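> Protein chains in written order, with the UniProt record's numbering: chain A, 1 to 340; chain B, 1 to 340; chain C, 1 to 340; chain D, 1 to 340; chain E, 1 to 340; chain F, 1 to 340.
Just so you know, these hints were derived from the structure itself, not from any lab.
Only true hints are included.
For lysine to any residue, the following SDA-like pairs were computed, each having C-alpha atoms within a straight-line distance of at most 20 angstroms:
(1) C:K337 to B:R241
(2) F:K171 to E:E324
(3) B:K67 to D:A75
(4) D:K153 to D:Q129
(5) E:K206 to E:D224
(6) E:K153 to E:G126
(7) F:K250 to D:S243
(8) D:K73 to B:D77
Derived contacts from chain F toward chain D, CB cut-off under 8 angstroms, selection only:
(9) S315
(10) G316
(11) L320
(12) G336
(13) K337
(14) V338
Keep in mind it's a predicted model, so treat the numbers as computed, not measured.
Glycine included, each C-beta is placed from N, C-alpha and C at the ideal position.
6 protein chains.
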Amino acid sequence: MKKVVTFGEILLRLSTERHLRFSQATNFNATYGGGEFNVAVSLANFGIDAEFVTRLPKNDIGDCALKEILKYKVAADHVQFGGDRLGIYFLETGAGTRGSKVIYDRENSAIANIEIDTIDWESVFGDAQWFHWSGVTPAISSNAAAVCLEAVKMAHKMGLTISSDLNYRSKLWKYGKEPKEVMPELLQYSHVILGDLDTAFFMTGKEKKEPDYQNTASLPTLYDDLFDSCPDLKFVATTLRYSVNASHQKIGGILYDGKTIYNAEIREVTPVVDRVGSGDAFMGGLIYSLLQDSQDKQQAINFAAAACCLKHTISGDFNLATLEEISQLAAGDSSGKVSR
Amino acid sequence: MKKVVTFGEILLRLSTERHLRFSQATNFNATYGGGEFNVAVSLANFGIDAEFVTRLPKNDIGDCALKEILKYKVAADHVQFGGDRLGIYFLETGAGTRGSKVIYDRENSAIANIEIDTIDWESVFGDAQWFHWSGVTPAISSNAAAVCLEAVKMAHKMGLTISSDLNYRSKLWKYGKEPKEVMPELLQYSHVILGDLDTAFFMTGKEKKEPDYQNTASLPTLYDDLFDSCPDLKFVATTLRYSVNASHQKIGGILYDGKTIYNAEIREVTPVVDRVGSGDAFMGGLIYSLLQDSQDKQQAINFAAAACCLKHTISGDFNLATLEEISQLAAGDSSGKVSR
Amino acid sequence: MKKVVTFGEILLRLSTERHLRFSQATNFNATYGGGEFNVAVSLANFGIDAEFVTRLPKNDIGDCALKEILKYKVAADHVQFGGDRLGIYFLETGAGTRGSKVIYDRENSAIANIEIDTIDWESVFGDAQWFHWSGVTPAISSNAAAVCLEAVKMAHKMGLTISSDLNYRSKLWKYGKEPKEVMPELLQYSHVILGDLDTAFFMTGKEKKEPDYQNTASLPTLYDDLFDSCPDLKFVATTLRYSVNASHQKIGGILYDGKTIYNAEIREVTPVVDRVGSGDAFMGGLIYSLLQDSQDKQQAINFAAAACCLKHTISGDFNLATLEEISQLAAGDSSGKVSR
Amino acid sequence: MKKVVTFGEILLRLSTERHLRFSQATNFNATYGGGEFNVAVSLANFGIDAEFVTRLPKNDIGDCALKEILKYKVAADHVQFGGDRLGIYFLETGAGTRGSKVIYDRENSAIANIEIDTIDWESVFGDAQWFHWSGVTPAISSNAAAVCLEAVKMAHKMGLTISSDLNYRSKLWKYGKEPKEVMPELLQYSHVILGDLDTAFFMTGKEKKEPDYQNTASLPTLYDDLFDSCPDLKFVATTLRYSVNASHQKIGGILYDGKTIYNAEIREVTPVVDRVGSGDAFMGGLIYSLLQDSQDKQQAINFAAAACCLKHTISGDFNLATLEEISQLAAGDSSGKVSR
Amino acid sequence: MKKVVTFGEILLRLSTERHLRFSQATNFNATYGGGEFNVAVSLANFGIDAEFVTRLPKNDIGDCALKEILKYKVAADHVQFGGDRLGIYFLETGAGTRGSKVIYDRENSAIANIEIDTIDWESVFGDAQWFHWSGVTPAISSNAAAVCLEAVKMAHKMGLTISSDLNYRSKLWKYGKEPKEVMPELLQYSHVILGDLDTAFFMTGKEKKEPDYQNTASLPTLYDDLFDSCPDLKFVATTLRYSVNASHQKIGGILYDGKTIYNAEIREVTPVVDRVGSGDAFMGGLIYSLLQDSQDKQQAINFAAAACCLKHTISGDFNLATLEEISQLAAGDSSGKVSR
Amino acid sequence: MKKVVTFGEILLRLSTERHLRFSQATNFNATYGGGEFNVAVSLANFGIDAEFVTRLPKNDIGDCALKEILKYKVAADHVQFGGDRLGIYFLETGAGTRGSKVIYDRENSAIANIEIDTIDWESVFGDAQWFHWSGVTPAISSNAAAVCLEAVKMAHKMGLTISSDLNYRSKLWKYGKEPKEVMPELLQYSHVILGDLDTAFFMTGKEKKEPDYQNTASLPTLYDDLFDSCPDLKFVATTLRYSVNASHQKIGGILYDGKTIYNAEIREVTPVVDRVGSGDAFMGGLIYSLLQDSQDKQQAINFAAAACCLKHTISGDFNLATLEEISQLAAGDSSGKVSR
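Bound conformation, chain A alone:
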């Protein structure tokens, strides 16, 4: 099976321990993560060949990020080295009614200053079958958006399946363009889109409508807007999250293939160990399922939602749940018994 390539930013994540507030912390756990890389880790963890393309500064912090990529069995053959710093995000993990806080410190990161024509996408995609990107990358800088467009175009030209996660972060998008000026051009090449309808309307500059996810019969019309503007689109998926509180989520998912809505049952997720990266876990689960020959759509959405649920029990950005654990949960066994 040919590899899956993802492109984006990997950040140093500095998180407080034991639910401490920032002002109480005298140390930070240092891990690494970022939406598109998290998807690559999920896939590698499932045994899929995965490669991550990014730009890292030539210093010890950049080297730490590289070592993290390699540790999780993700190829780094086309990582570009340059720039001044690795982007950082600070994370304070909430509990109960107190939500987690993320402070971004990612301006002027190595990837923000990436230049077009410096990544040899033809070579990157030579032995690849799938390309994944998300809306975080074009939100970083106009340079990053331009390179993302390069990648999408080349992937499309070379016949790869392209998946796009809308991933809207309002605190990014500071370089002078709005999502609707950038995202439609990027999204048009997609075969798979992950995102909720509100974000989709906003990012594509469409009029806002109120989706009612409980009423599945009402959804196809709304999703069809995306099918209209993306000629190759095969699937749209949405992660459904209801936040009881920071430690208790309800998670489901919807997959729509242009004809039928497939629903993953809503599951209680409590306690939440770490919810950062749970959308990426969903995406990783979805790509994995759609890479299988069967492409059983009900199983695909069940697997993606189960992957998302299990991610909430794992510290850090990555979904390190195994295929077996996810399959067992997707099949309805949420008992979490001791394996011994």
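Given chain A, work out where chains B, C, D, E and F should sit, using these hints.
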């Protein structure tokens, strides 16, 4: 706005990590706290000028306590230095059906041996509008009780609003007097009293009656007893706690202004990160609300109860929730979403 | 009161912190535990004289295990020293829908190579009234099984009460014999057996029947099978566990004295701090209760089930809950209030 | 005694524990420091009123820095809030022949974008007698250099003593100007300069000469260059460091008052716990000494050098040695006996 | 071989990690120790039966101390339970020229309030051959001094060897008596005394003389003073310490049998991991050697001094060096090679 | 440049922190290492393509080892999966006169049970130029020895340079053969041998002679023995270590090319952070140097010895010093200055 002064003891808190029992611990987290100081931190955290008056030993442990006071933006201009030791409490944090355990080791602390006529209360209260104390201080020693009385009298004379938290701790009160011999004299100057009715009856030496907090109509008669004995009293408040288990509380609150009962809706608080100091968080929220020009009573009790709830999600004695977080919860949003 | 002796293996337990997966861990918490030793710790914690018989390697790791035995007030007077290594188990603590994982690394441990005729059981049992063993020991090796049989026979001969925990671990039993070839001979001397009916049928080579623990009336017939094959049997007990997820269990218990079924009410156990050793906590609670003169059977099963529940709130293999805490829970108070 | 004001940047310092290399670290100790702030902490620690002027971002990381300032008893009354981020430096602590590594990540920090005319220096200096700055601040950005010049000019106009630490960091000075274009104008107002002669010649654009610190007779001529260009200069001081290895330094110092060279004896410093901030400790010790009425020059250089030595034994940027500890070492007692 | 009994206080020791100053610490390592208990641990570690007599409060902190006693294979059969608190000492570990700091918080500890006639010394000493106490115990309170005298008298009466460590701590001795009023009566029963001559003269109220330990010929006359006042005295020993700095000590020792001075060669001890308890390690080594049939005096002082040196490499109060390690060092091999 | 292949065991290393003895440890740092893997990490760290061949159990602990291999940029393409367990070694890090202790727990590890004809060595060596093994592997089991011989023979046949580290561990070699029965056959293919002469004589069954490394003129005759029995031998190297104590080593090295002795100057190494793996660091430095076109022999031994020295400052088994750091030290600069 003029400052709020609180007076009492700050202790070294030595707590086990990760729900370990004392016998399993090879280290203790070292933080600092104490009822009246916790209220000062809450207020400083909300942007109110707050000052804490206490007595600290002249050694490195006393200096650590002083640095903690300053760190949290609380003034320490009238802290007295002397005595032999800082009081200590050991804390083992429970979980589920296992309750937390507190072991007090606070006898002969610096403040237990404080002398009357050594704090210049007139200077302390010069630019203050509010004085807060609690029933823990007169429980420590007859000296501490005497200085507390000095403070209350001077605050009253200088026209400050006085708030009193009954805060009964049965393991204190060892110096030969019972609460009912000490507390009535202290309480009579109060404008605001926080406490449950059982404690109020006990501490004021009144006959025990069975309050039924579900039946709010029955409460005014009971609260009126306090109004009768405290001529300046404007508000009595009670924190309502139902303990499902150590990790799951239900929290509400009642505010009574002599005419009307204001109720804060009962909220589920789970998981509990740390419940020590949650009463002080309630008090801090209440004082903050009553310092506002509006003095909206329903909002005041909602804010106080929400402050109490959020404290449960924060490690240590202090309520470090922000005004925004508390207001959001008081307004009914308990979703705890990630802020990024 | 004469002492209780338990015999079995104590292992080094290496567990990840903070719910980390193995691949994320850069250190392991190092504690010690093992089914029969855990029972001894429970009893010593309740004030009963307890002794643990095992075999430890003569190296620093074996010495650590010995120090752990002594620390928890368990006598180690007949511990045998020899062999090459202490058995190890790695533990990754799950959360929510992700179950905990145990990896055994206990082959060729000191006790696996224990020889018959090397423990002076007559001396061990001289001042003892009770002997406890579990199905883990005969599962380790044929040597361990043979020494276990020695012990059971001598204990029986010397008139001790014998309790047996079936404790089936499918990943052990690698030395060529099946449980049904070994266990019936060992079990026949039992006065008390702990285990569920499925395991009992399997280990005694009986035909499988489907017990319905909700329907208590149906159980005596099934339990009577054990009474038929164990002439001295007085009690059979079963721990009832329903796993909502790894962080949420429902725990009850059944005690049958050959005539009547005694039921402990099902209790919610959430959050789970550590469920390893909870069966041993049940056993410890049961032995403690049956050692009391009263032998009140309803109280016994209540106490055993409450001990099991409280164990889930305690990190490590041992039930370090106090008599008071367990009695309070057994009496129905699960509020987990702060003790101060 | 009137206060001492310092102006500059405070950074988040992220350091690896236990001499780990960056690639081995899974967490960072999070402390705060920066040359001019470190001097303020030294002085506050000695009981001198000290104030630190800086610019902090309005986010939780900026608030942590503010709390650190307050904790160490340094006034923060004129701190400006604004900008996007707090500067960061990563620190890997070396040992033996492996030197420590610092990675700066401080571009676009809050203070880098400070604007002139936004700090009310007249108010800052109202009750001050001394102003201290260092060459790090004008190295950050042209804005920071401009505000530094504002400060120096106003301090000079208001009659404060001005101390300047040359503090050359080659990895800063990226904004297009060389030190020699900026520093001479700033330095001309100095009363006290700390720095070695090489740096002084380089920063003032003078021809390089080879100072021989062993040959004290040769030094006045070289130092006199600085006296020539700084009309108010009273003292020049140099920290002498000989690095045996990262864990073993030899530390001395020179003070020159335009007439006489005062030498502090070279001391062995081993082991080195943390040498970052040792120059600031020297500066803090020197300012403290020169603030004393006596202004005993030999004592001043002895105290400054002893402060520098003791800083090497303290983790973090700050010199937290007490007056007594430094005086004892300055007086020749380096025995480091247990105080009990 | 019959057991060795020691009597005194065991304290909770709260120490900062990584050489942090108290003001930097957010947690404390929690261990237990105390001069006489440390000696018992040394002996148990060497395989000698040892028992420790003390008084512990009946709370969880007292129970932790008890568990520590048992863990290190020291008998606790005559420990008395009562009193309010366990004594505490805070420890900040120095480095280089910065000495360690100890803050005592041990007033009103359980043992300070011990009563005479409550320990059954006859039973304690029934199967004992040696009793050890130190000058710390009579320094705590008059009660502790009185019980110490009880013990010494009974030990003497029952024919035990009695060793006494002078152990002067100036911050104790607060209860109104001076050492010279208390110690001579206690010391007169000694067979072995450990201490330096200055302390001996001070504690026995003798005129101060200046011992010159380099000049061994001059020492017998000075030591003979002790022999004069203690009729049963067989040995006096002195630990020689020269403190280069807190991380570098030079350690030797002297043993005098009333006739001959035996010298242990001065050894370099660097780095120092923890020097607290090193005198107790010396004492433990000396008792061990004198318990051997040979009583080779040169070997005894070599072993005691080597035990003292090795203690400096071990964290905590206890000397956990093995017999083999100490013997190897006593025999001159200080190479510290890896044992594998 | 073609890759370097190493073959051997990777173990889980469980080490105590902060110089704690085993009995004091409540957690272990978990890292991974092993002689031949350590060499591969060194080379990868210097930018050389390196591959490690081993056998790992198919469980999470084996997967952790695999992730460690990948993290450090070492290829794992021919790692075999199977067997029951990963070998373990426990490490207690000494200090000063107390040596470190290693406890092996590596019997029945995955690689001990490796079978011949299961590694496709021809494929492994296809793009390789150098093969490295050490005497640890044939010491594990006869199976491991047999596979090692397979590897050496195929490497020789395919023209690779072969380096052999004698690496004698007396606690291994338990399977019934002595080194002299196994090693000569393996060593005969060597081009480079690392080891001291004593070990060489012992392992090759030669008569013991006393080498005098100070007298370099005497060495060629002794080394020539190895040249006689290894027809392709080009270089013999010896690491010279003088252990002042566990924290202070003196390190040098000798390289002999059959004609000339090249000496690396003895260097003081203090403090020692971790000396495990320092021989492998020497080997890695030597291979790196000999891979350079120049093959300057004096530079080679200088670089190897400097690599060995720097390893002592790094925690864990690996030499993570950079090329620049080693070259700087090899060139004589041991000042360990801060790089910023």
